[in-house]
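There are 2 protein chains.
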Amino acid sequence: MRKQFLIEQIRTKKSYLCVGLDTDPALIPPHLLEQEDPIFAFNKAIIDATLEHCVAYKINTAFYESHGLEGWRAMEKTVNYIPTTHFKIADAKRGDIGNTSTQYAKAFLQQLPFDSITIAPYMGEDSVKPFLQFEGKWAIVLGLTSNPGAADFELQDLKTESKRLYELVISKVATWGTTDNLMFVVGATRSDEFINLRKLVPNHFFLVPGVGAQGGSLEEISQKAMNKDVGLLVNVSRDIIYTSKDTDFAQKAGDKALQYATQMRSYL
Amino acid sequence: MRKQFLIEQIRTKKSYLCVGLDTDPALIPPHLLEQEDPIFAFNKAIIDATLEHCVAYKINTAFYESHGLEGWRAMEKTVNYIPTTHFKIADAKRGDIGNTSTQYAKAFLQQLPFDSITIAPYMGEDSVKPFLQFEGKWAIVLGLTSNPGAADFELQDLKTESKRLYELVISKVATWGTTDNLMFVVGATRSDEFINLRKLVPNHFFLVPGVGAQGGSLEEISQKAMNKDVGLLVNVSRDIIYTSKDTDFAQKAGDKALQYATQMRSYL
Numbered sequence: 046m047r048k049q050f051l052i053e054q055i056r057t058k059k060s061y062l063c064v065g066l067d068t069d070p071a072l073i074p075p076h077l078l079e080q081e082d083p084i085f086a087f088n089k090a091i092i093d094a095t096l097e098h099c100v101a102y103k104i105n106t107a108f109y110e111s112h113g114l115e116g117w118r119a120m121e122k123t124v125n126y127i128p129t130t131h132f133k134i135a136d137a138k139r140g141d142i143g144n145t146s147t148q149y150a151k152a153f154l155q156q157l158p159f160d161s162i163t164i165a166p167y168m169g170e171d172s173v174k175p176f177l178q179f180e181g182k183w184a185i186v187l188g189l190t191s192n193p194g195a196a197d198f199e200l201q202d203l204k205t206e207s208k209r210l211y212e213l214v215i216s217k218v219a220t221w222g223t224t225d226n227l228m229f230v231v232g233a234t235r236s237d238e239f240i241n242l243r244k245l246v247p248n249h250f251f252l253v254p255g256v257g258a259q260g261g262s263l264e265e266i267s268q269k270a271m272n273k274d275v276g277l278l279v280n281v282s283r284d285i286i287y288t289s290k291d292t293d294f295a296q297k298a299g300d301k302a303l304q305y306a307t308q309m310r311s312y313l
Numbered sequence: 046m047r048k049q050f051l052i053e054q055i056r057t058k059k060s061y062l063c064v065g066l067d068t069d070p071a072l073i074p075p076h077l078l079e080q081e082d083p084i085f086a087f088n089k090a091i092i093d094a095t096l097e098h099c100v101a102y103k104i105n106t107a108f109y110e111s112h113g114l115e116g117w118r119a120m121e122k123t124v125n126y127i128p129t130t131h132f133k134i135a136d137a138k139r140g141d142i143g144n145t146s147t148q149y150a151k152a153f154l155q156q157l158p159f160d161s162i163t164i165a166p167y168m169g170e171d172s173v174k175p176f177l178q179f180e181g182k183w184a185i186v187l188g189l190t191s192n193p194g195a196a197d198f199e200l201q202d203l204k205t206e207s208k209r210l211y212e213l214v215i216s217k218v219a220t221w222g223t224t225d226n227l228m229f230v231v232g233a234t235r236s237d238e239f240i241n242l243r244k245l246v247p248n249h250f251f252l253v254p255g256v257g258a259q260g261g262s263l264e265e266i267s268q269k270a271m272n273k274d275v276g277l278l279v280n281v282s283r284d285i286i287y288t289s290k291d292t293d294f295a296q297k298a299g300d301k302a303l304q305y306a307t308q309m310r311s312y313l
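Those protein sequences? They're chains A and B, same order as listed.
Sequence positions in the first sequence follow the working numbering and run 46 to 313.
Sequence positions in the second sequence follow the working numbering and run 46 to 313.
Please note: incorrect hints may appear among the correct ones.
A pair holds if it fits inside one copy or across any two, identical chains being indistinguishable in the list.
Derived lysine-lysine pairs resembling DSS-like cross-links, with alpha carbons at most 25 Å apart [what the hints assert, rightly or not]:
1) K122 <-> K151
2) K290 <-> K151
3) K244 <-> K58
4) K58 <-> K151
5) K122 <-> K182
6) K89 <-> K182
7) K59 <-> K269
8) K59 <-> K273
9) K273 <-> K182
10) K208 <-> K244
11) K122 <-> K59
12) K58 <-> K269
13) K269 <-> K151
No lab work stands behind these hints: they were computed from the structure.
Using the sequences and the hints given, assemble the complete structure.
Right under this line is the structure:
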């Protein structure tokens, strides 16, 4: 998906919501477990109910891989079910030496019809570049994440001789691609850093996880990190998809997505 | 696999060779493409021919994911075909927030019978710990890799206020596990750093890629990084598995594996 089309979708719907499909059979409504493919049955219902309130879906590949072949099949069916109006993210956190990253890029951007894939930057330039070679496809590189470990490790926040590590990572990675094929993951719980981040990369889209179950504030993110193109995809997973365990789960998820979208509309 | 058993295998076979199954249909002997599952047919023949010369196999998951469901099935068949005498590595470079890493750990250490999985450390402690919760299973964390990007990025080599980033990563990660459930990836092309690394983590196993196609020296690694338990698994992928494109490919791969093992024997 090209950037201009994504921005048009956001402007038309007045929403920059991404719904995260971290689908776990232990957490979905029990009545679905009787279906032949409970994961896909759940996703299909969630997608149908949330479609008009969001502009993107993020599939967390770990939740599919943990079910082996059946999980991979459910992921394939899910990404193929999402219409082309919506930006499709493989939240896969891949990254390896060049020839291996090329294989991952093929897996998600060619073999599967994702628009984008999340990338861990630890192995540097040749591990990221293979993901930037596909017209209309995106690499979304980890910048500053929202999990406890990001701080515990003191890695992303580490002070180098010049700047903190995440600043160096983001500044450097930004030179490898353009605002048309590169986004950054920035955790919602790090809103104190958003203004600083926008100085480094004013024009890139940010994929922002951490709203909802992880406690990030949608208001703060929107105030501090929005740019002239909106420039935000804010992901909510558990707080939307697991609103109810009853037969009304999809409707309840749709209602919750609408609440987020309504809040977003007020910031646009 | 427990550490003591792995060490016994190394001592008995006088080899610390790991064969990397980066299986690419474009590079395997053309006559195999007529088979129902060319990737597995190739792997099975390679495993049969190299089994007695190596102690471990490393499956590079990217090469399987790039073929979707069929690739995943070939990976499943391959890991199930490797006997329990051999240490099985999922070279998957995973790592995400805690609940997601738990799913990846299930995928590779429970759903699939791997002994270990490679991990990218960028997201810190809660992204690594879920992989350390399985008796007899291992996390192999990226320390200092051998690819050009590791230097281009100047990330792993970055000078922090106290030490270089990779030193900090390795020292910190070492506190999260033990020498019985944690190894480090250290690229063969970084042999200048091996002596320094052994000061930081004298007793951990290193998984060393980068010998063969990437140009690392087996002799230097062995001289500088071996410890009292040997402490090394040296991986060779392309230089062994793609020795011939003819019907004798497996025999040629076996011969090449034997050459490496013979060289290793002289260092033990």
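Status of each hint after checking the structure:
no.	hint	in the structure
1	K122 <-> K151	both (18 Å within a copy, 22 Å between copies)
2	K290 <-> K151	between (36 Å within a copy, 24 Å between copies)
3	K244 <-> K58	neither (28 Å within a copy, 57 Å between copies)
4	K58 <-> K151	neither (31 Å within a copy, 38 Å between copies)
5	K122 <-> K182	within (20 Å within a copy, 32 Å between copies)
6	K89 <-> K182	within (24 Å within a copy, 36 Å between copies)
7	K59 <-> K269	within (18 Å within a copy, 60 Å between copies)
8	K59 <-> K273	within (14 Å within a copy, 63 Å between copies)
9	K273 <-> K182	within (21 Å within a copy, 49 Å between copies)
10	K208 <-> K244	within (14 Å within a copy, 28 Å between copies)
11	K122 <-> K59	neither (28 Å within a copy, 48 Å between copies)
12	K58 <-> K269	within (21 Å within a copy, 60 Å between copies)
13	K269 <-> K151	neither (35 Å within a copy, 38 Å between copies)
When each numbered hint is compared with the structure, violations occur for hints 3, 4, 11, 13.
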